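Engineer: Taken in sequence, the protein lines are chains R and X. Okay, so the first sequence: first residue is 3 according to our numbering, each after it adds one. Okay, so the second sequence: first residue is 406 according to our numbering, each after it adds one.
A few of these clues could be false.
Claimed, not checked - Here are the computed distance ranges between Cβ atoms for each label pair: (1) R:143 / X:432: 39 to 47 angstroms; (2) R:15 / X:414: 37 to 45 angstroms; (3) X:458 / R:148: 44 to 52 angstroms; (4) X:410 / R:147: 36 to 44 angstroms; (5) X:422 / R:87: 18 to 26 angstroms; (6) X:534 / R:29: 20 to 28 angstroms; (7) X:456 / R:92: 16 to 24 angstroms; (8) R:31 / X:534: 39 to 47 angstroms; (9) R:29 / X:444: 29 to 37 angstroms; (10) X:414 / R:37: 27 to 35 angstroms; (11) X:544 / R:96: 15 to 23 angstroms; (12) R:114 / X:446: 23 to 31 angstroms; (13) X:432 / R:15: 22 to 30 angstroms; (14) X:453 / R:15: 45 to 53 angstroms.
Stated by the list, open to error - In silico SDA-like pairs for lysine to any residue, Cα to Cα no more than 20 angstroms straight-line: (15) R:70 / R:106; (16) R:70 / X:530; (17) R:63 / X:414; (18) X:435 / X:445; (19) X:556 / X:417; (20) R:128 / R:150; (21) X:556 / R:68; (22) R:128 / X:460; (23) X:411 / X:520; (24) R:158 / X:425; (25) R:63 / R:89; (26) X:435 / R:29; (27) R:158 / X:462; (28) R:11 / R:58; (29) R:63 / X:556; (30) R:70 / R:11; (31) X:556 / R:126; (32) R:158 / X:550; (33) X:472 / X:414; (34) R:70 / X:426; (35) X:425 / R:60; (36) X:556 / R:102; (37) R:70 / R:130; (38) X:472 / R:60; (39) R:70 / X:415; (40) R:70 / X:414.
By construction, these hints were calculated from the structure, which means they are not laboratory data. Bear in mind that the values here come from a model prediction, so they are computed numbers and not experimental data. C-beta atoms are modelled at their ideal positions from N, C-alpha and C, and glycine is treated no differently.
Here is how the chains run, residue by residue.
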Amino acid sequence: MSEAHSAPKLNDIQQQALKCAIQSGLPVDSRPYLTLANIIGGSEQQVITCIEEWINNGLIKRFGLVVKHHKLGYNANAMVVWNIPSHLVDEIGERIKQSGLVTLCYRRPRRLPDWNYNLFCMIHGKDRGQVLQQLNQLIKTCQLTEIEHDILFSYKQFKQCGGRFHRQHHTAPSAHCVPERKAINHG
Amino acid sequence: MMSTVKVDTLGQQIIDRYQKGFPLSTTPFKDIANELGLEEQRVIDCVSSLQESEIVSRVGPVFNHEKAGASTLAAISVPEQLLNEVADQVNRFDEVNHNYAREHEYNLWFVVTATDEQHLERTLRAIQNTTGYAILNLPMEQAYHIDLGFKLNWS
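Pulled out of the complex, with its shape left as it was, chain X reads as follows (with noise of 0.2 angstroms):
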């Protein structure tokens, strides 16, 4: 089982206030602490070992793929026992960069990012025949909601 890892008040109020809208300015750090009224180095000190916590694992863009280049939803079937050596094998794709496990008869769940739509098209071949097994191609067709950091509850 999992440890939750405690935040600081301080690292809690800049992680809800920065999951969007971090600053573009020539010195963002100083706005955030000026914000908070503190000093820069206590913002970035925070920010650092928020990292080094692996609580944030970074500070910066979520692009969105499908606008950037091609990217898809895939899935495949495996049996169980065999689960961990295909996720192995899709994992050194490089253009795969979420890979889970989930409870269906589709039980491996990765997300394909490319360049353009031939290079997804190929890596999904690549995969398909590295695997040995049928991919569930499913591109988005329609974002309603996209990800915009979620509200935490930090009780």
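The shape of chain R in the complex, shown without the other chains (with noise of 0.2 angstroms):
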């Protein structure tokens, strides 16, 4: 839209008060970015902008409606940890990927003699049963059999929210996010 271009692109004053804004989700009427751009001082289109920029260059991974799985009986969550020789850890996590049978996947650095654990992936299921098996699975499709691993299910949440970004210059606290302690289910 040629209009998008011309305006001029929010300061960074702007663009950071509307990171405060989203991150605890939009407002659910009719012209959320109108709401929104009235908040920060800015216009509705550079607002849309803006949001369409930062997925672009990936600072937001999606934007959407974001489930509590656990709501919705997904009961059961386990990272997945892998001791993979260095060599291998990138063409084995790509094929993890493809496998689509995780959430997510990611190098850390191991930390010796603690932890030697260089790849976490995460699995959901709606109870343990189904999580193992997804990981049987896992390990049959990526030929995974001699890898070293360990399967850490959580038993307790004590508190989720989206990350938060923090007002420069300012000590309130930008977002509410309630801490929750939740028991969850084994299954």
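Using the hints, build the complex out of the two chains.
Structural biologist: This is the structure we're talking about:
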């Protein structure tokens, strides 16, 4: 849209304010981006263009409905950690991604002697059995039989909220997140 | 045991379609309504009720905090009987946004997000001092697959 190109970009302060404003979610009304624009002192089109840019440059991983899985019966989640020879970790990481069986797959450093796992993935399921089944399938599909691993099921959720931006030069907390304590059903 | 909340067909459709790619137009709810052949108000009501029943925590961004500032996955090993107490101490830090107990010798796992590396280091030191436990600091080095919302099984 030509209007979008001619409009100046939001300045740094407005951008920071927009990050703070959207991290706890869009207002659910007919013109959410206009509401945000009014809050941060910009135009609706500037807000939309700015969010588009953040999606394009990867600052925003996804933009949409964020579901609380445990409310839908997804009561089991396991972090599965692997000790993979360093020269193979990239290749195996890609293979795990391709399998479509995990929600996350990250490489992290070893911390010897306390911690010798370098690849982390997350598996969600309705119960423990479903997660283990998915893990078995993952091991088969990605040929991971020989790789040392450990399964860390979660059993209590003490806090979960989106990551937060902090308004610079302000001491007030930028978003509200009530820590919750939940027992997670083992299934 | 937690009860599972039922989601109506419209709610399921909206969740399946818009965990990512929420419209960036002046009237996003109207766009969704048009796609589904509905009135805008029905979509707004549906999303509001998904939020009220806490099935959806928000409509908005999932930020990549590695890119946005600095963040890390941290773990500590706490005697089981002190877990709740230490978890509360950790939760009190604004910079902590996920905090879970997991079945392992390292039994408390949390994500720390900060504006920059210095802020992150400072926060980790402060958590270490407050709790008295050494932190296992595991920053992400490479993302092979990031959370894009996963396909839900509604049955």
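Engineer: Among all the numbered hints in the text so far, which are the ones the structure does not match?
Structural biologist: 5, 6, 7, 9, 12, 14, 16, 17, 20, 23, 24, 25, 30, 32, 33
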